[in-house]
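Trainee: In the order they appear, the protein sequences are chains B and S. All residue numbers for the first sequence refer to this note's numbering, where the first residue is 1 and numbers rise by one. All residue numbers for the second sequence refer to this note's numbering, where the first residue is 1 and numbers rise by one.
It is worth saying that the hints were derived from the structure and are not from the lab. Don't take every hint at face value.
Said to hold, decoys possible - Below, a sample of chain B positions facing chain S; criterion: calculated Cβ distance under 8 Å: (1) 291; (2) 296; (3) 301; (4) 302; (5) 339; (6) 341; (7) 348; (8) 349; (9) 350; (10) 392; (11) 425.
Unchecked claim - Pairs of lysine-lysine residues, derived as DSBU-like cross-links and limited to a Cα-Cα distance of at most 35 Å, are as follows: (12) 186/S / 72/S; (13) 318/B / 254/S; (14) 186/S / 412/B; (15) 109/S / 152/S; (16) 236/B / 254/S; (17) 256/S / 195/B; (18) 318/B / 260/S; (19) 260/S / 309/S; (20) 186/S / 245/S; (21) 315/B / 185/S; (22) 470/B / 531/B; (23) 328/B / 388/S; (24) 152/S / 225/S; (25) 142/S / 412/B; (26) 142/S / 186/S; (27) 186/S / 315/B; (28) 318/B / 142/S; (29) 224/S / 186/S.
Positions of the beta carbon are idealized from the N, C-alpha and C atoms, including for glycine.
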Amino acid sequence: MCARIFVIAFIVLVSCNKQVSSPHSALSFTNVTVNAGLADFKHVSGAIGDKWFPESMGSGCGFIDYNSDGWEDIILVGGGDWTEKSSNLSPALYLYKNNKDGTFVNVTNESGLGEINTYGFGVCIADYDNDNDQDFFFTTIWNNYLFRNDNGFFIDVSAGSGLEIDSLWSTTSIFFDANKDGFLDLFVGSYVDWKPENDIWCTLDGTTKNYCTPELYNGVASRFYQNNGDGTFSDKTEAAGFLPSPGKMLGAAELDFNNDGWPDLAVASDTQRDLLYLNNGNGTFDEIGAISGIAYDENGRARAGMGIDVGIIDKTEKETIFVGNFSKEMISVFQHSNGNFFDDISGVSKVGRPSLMTLTFGLFLLDVDLDGDLDLYTANGHVQMGIEETQDGIFYREPGHLFINDGNGIFKDVVPLIGGPLSTPIVGRGAAYADYDNNGTLDILVTENNGPAHLIKNNNFNNYLRVKIKSINSNRDGVGTKLIAITKDGRMTRKVKTGSSFMSHSETTITFGLGENRAVDSLYVYWPNNKTDIFLDIESSQEILLVESNEN
Amino acid sequence: MIIKKYLITIIIFTSCQSNNISDPEIARLIFQAESAFRGGYYNAALSIADSAISLNPKLADIHFLKGRVLTKLSRFAEAEDAYFQVISIDNKYQGAWFNIGTNNLRQNKAPQAIYNYFNEMNEHPSAQTMVQIGKAYSDLGKADSAHLSYEKAIQINSGFAPAYMRLSHLKKDAGEINGAINHAKKGIELEPENIDYKYFMGSLLLLNGQPNLSIPYFELVVNKKPWHYWAHHNLGQALFRVGEKRKSDFYIQKAKELQKGVQEVENWRNLANMNPDQFMLWINLGNSLNSMGRTKEAKDAFLVALSIKPMNVAVQNNIANLSLMLGDTLEAIIRYQTILSLDSTIIDVWQNLGVVYASSGKINEARASWERALKHAPNNNTIIEYLKTLSQ
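I would like the entire structure built from these sequences, with the hints used as guidance.
Mentor: Below is the structure:
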């Protein structure tokens, strides 16, 4: 590994205010959905009374710079209708172009996505063909879609891509460079073997049908596709060690807990054990979830894992996995300890108890107050309409959680303190973040099941540094790149990644919250191909683009 | 832990009230019903209870017993009806409100449980009831109220170990590990033989970065409960942290093997509790428990299954076999005889009955049993060999 000190490319995109951080109670957010022009979106579950299982699960959302103008656009999954029943099919996807003034315009048709009719769930965005634009993968209950971006117009290249599969219910997907060959591979989570023909009658009150929980259906194994580098993929699920698998997977996040430079994968599974795939560095993985201690709760029971994310939340520099679970199951928090073991720190982190009663789907770590540490946002909402009538203390519509990190990995849910749009009860599902207005703060996008999307503007300014990555020798997006920023107050470690949360995609630009610091003293960039660059003395409150050197 | 306490309480109530029953016929029926219940003959217990009720519907004791049997069968709505009958007869009847509360709790109805537990507290204040109230608050996510309830339980009875352990759990969930350890220490001091408490203490010590101190606790648990997944896993973790990698690998691997069984048990248990009238769910639960060596719990599951299909010979046979494994020779004999009274041609049961008699020194009975088996299977070499051993 060679360490060099020089700035390869340093593009100042934005300059912003330098303000002092606010106390937790003063944190402020604004729901800008209507003003932003997103009010016409509504997720369609297709429900017409039969209470079919998939209706309660969707759907995802994402930020995508589809026209490569440096402003994050928004993609929303519309859900779908049951073709057996509906003659007027709802759009499966919605794409909103960022007008760079805080508003968006619906460009679904112009971008080639208007004719997609299916029953959709999630999106994952990446430049899978290394041609410098953002493509995306779209999961559905039937065949999934791979969309290639050609100058802002999406071409459905699923046929012949190697990603055509039997009709399986797919959920979350994640692009990551498993074998570090410079092309992003794809892990596609599958859920259960549900079809209208095998729908099961479930009830809460003994008389009326309600949505089932996944215990009653057989899980379907997730799949792993290796990118061949020519626009096609090969199914390596079995060869790479992803079989057998319990299925019922809803979330996946990239991590490298043993710091060997090879991307591992943490998987959240619904009523099945959570999984941890250890990358052996030779194209294969070992599933060590049970051995590591992340698979089950303290009674040996599998939880209902939904959204997932991984990050470094304290000064230990150990990666911590967060998994959103069902009501009466706390959010799981597992911190790497040593070897292949993780410690359950849901209690110690203070995330556990406040999350006990909520059902968490979307979940991600972000530095929401730009103070230098990762905070935790969760989108919550139950799957059973009318759950209030049968279970006390549980609600169908639930407020989100915003856990603010004190810098030592101890969190406090501030939503009850600050109120505002995060405290509005919703049927939360997908969630993602990005700085859509390029002002340095991370804004939140969240979807509701059979309901609207919400764009929540973050009003909590502070000094920051935003870093875009462009890799040359590795995958173009630099997925897997680790960045460490050092300021007077300490170090911040972040990673470029896709996946995480629940069926959703957040921006891949890295945001370092600098608090009162006016500069980053040094920025270490560990590229996926093991090269390291070091940049010194970078001014705060700007966005820079780092392009990997072509030199060896 | 809670069930155990609950049974003790009920036994006290029953014997206490029975002294006041003047009608000897009813007293006899109550005694028989109680015996049937304790022996796992749930249908018989219910039938006898109903007979007693027909003789005197105003006797709270027998409704109470009926409620307990129905609770055991997870027939919560009927159990609740029985307990309310008790209350309509005697609204100060000890345990009636408590048992309704516990039924509520098992059905995720925590607010109702709290209400009913407080009714019990009004008449019969106890640390046990206060702990249950705390548990209900905990289920509702109201940690502060739960905390107060456990402290109140300690005020009522400072020697009540579950209150300290519940406080310890609360502290752990709140991330206050040292506080949790202190409460757990007190709980263990009061109930030093409680294996669950030992496991919990081990977990706290491991979480607190004291793997060396946690190891003896986990070792104790894996010895006493060889099916305990987490004890094996945590012992493996603790050993790894103190550098004992080889031993660690052994326990981690063992934990991995156990987990599948644990998951299976939990799945069947959930399904059986949700659908208590489904015979096969109880059978599957019993089988999964039995395959993990959890004999007593397996027997309990099969007993519920038998109450749904009382004439099922295979279940009766399983229960007899498990009784034998638990050292209850008498019950095994009674169960085998019951099967043979339903179908006297089952060779395996005659064979088993002979084995039980032989192993308890009843040579003539053993011989008679095996000879009956040979009548149906004259060439069965195993039984012929068994008979030869008697002659020797």
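Trainee: Does each hint hold? Answer for all of them.
Mentor: Verification of the hints:
no. : hint          : in the structure
1   : 291           : holds, 5 Å
2   : 296           : holds, 7 Å
3   : 301           : holds, 5 Å
4   : 302           : holds, 6 Å
5   : 339           : holds, 6 Å
6   : 341           : holds, 5 Å
7   : 348           : holds, 4 Å
8   : 349           : holds, 7 Å
9   : 350           : holds, 5 Å
10  : 392           : holds, 5 Å
11  : 425           : violated, 15 Å
12  : 186/S / 72/S  : holds, 32 Å
13  : 318/B / 254/S : holds, 27 Å
14  : 186/S / 412/B : holds, 30 Å
15  : 109/S / 152/S : holds, 22 Å
16  : 236/B / 254/S : holds, 30 Å
17  : 256/S / 195/B : holds, 33 Å
18  : 318/B / 260/S : holds, 29 Å
19  : 260/S / 309/S : holds, 29 Å
20  : 186/S / 245/S : holds, 33 Å
21  : 315/B / 185/S : holds, 31 Å
22  : 470/B / 531/B : holds, 14 Å
23  : 328/B / 388/S : violated, 61 Å
24  : 152/S / 225/S : holds, 32 Å
25  : 142/S / 412/B : holds, 17 Å
26  : 142/S / 186/S : holds, 24 Å
27  : 186/S / 315/B : holds, 34 Å
28  : 318/B / 142/S : holds, 32 Å
29  : 224/S / 186/S : holds, 21 Å
Figure legend: structure checked against the earlier numbered hints; hints not met, in rising order: 11, 23.
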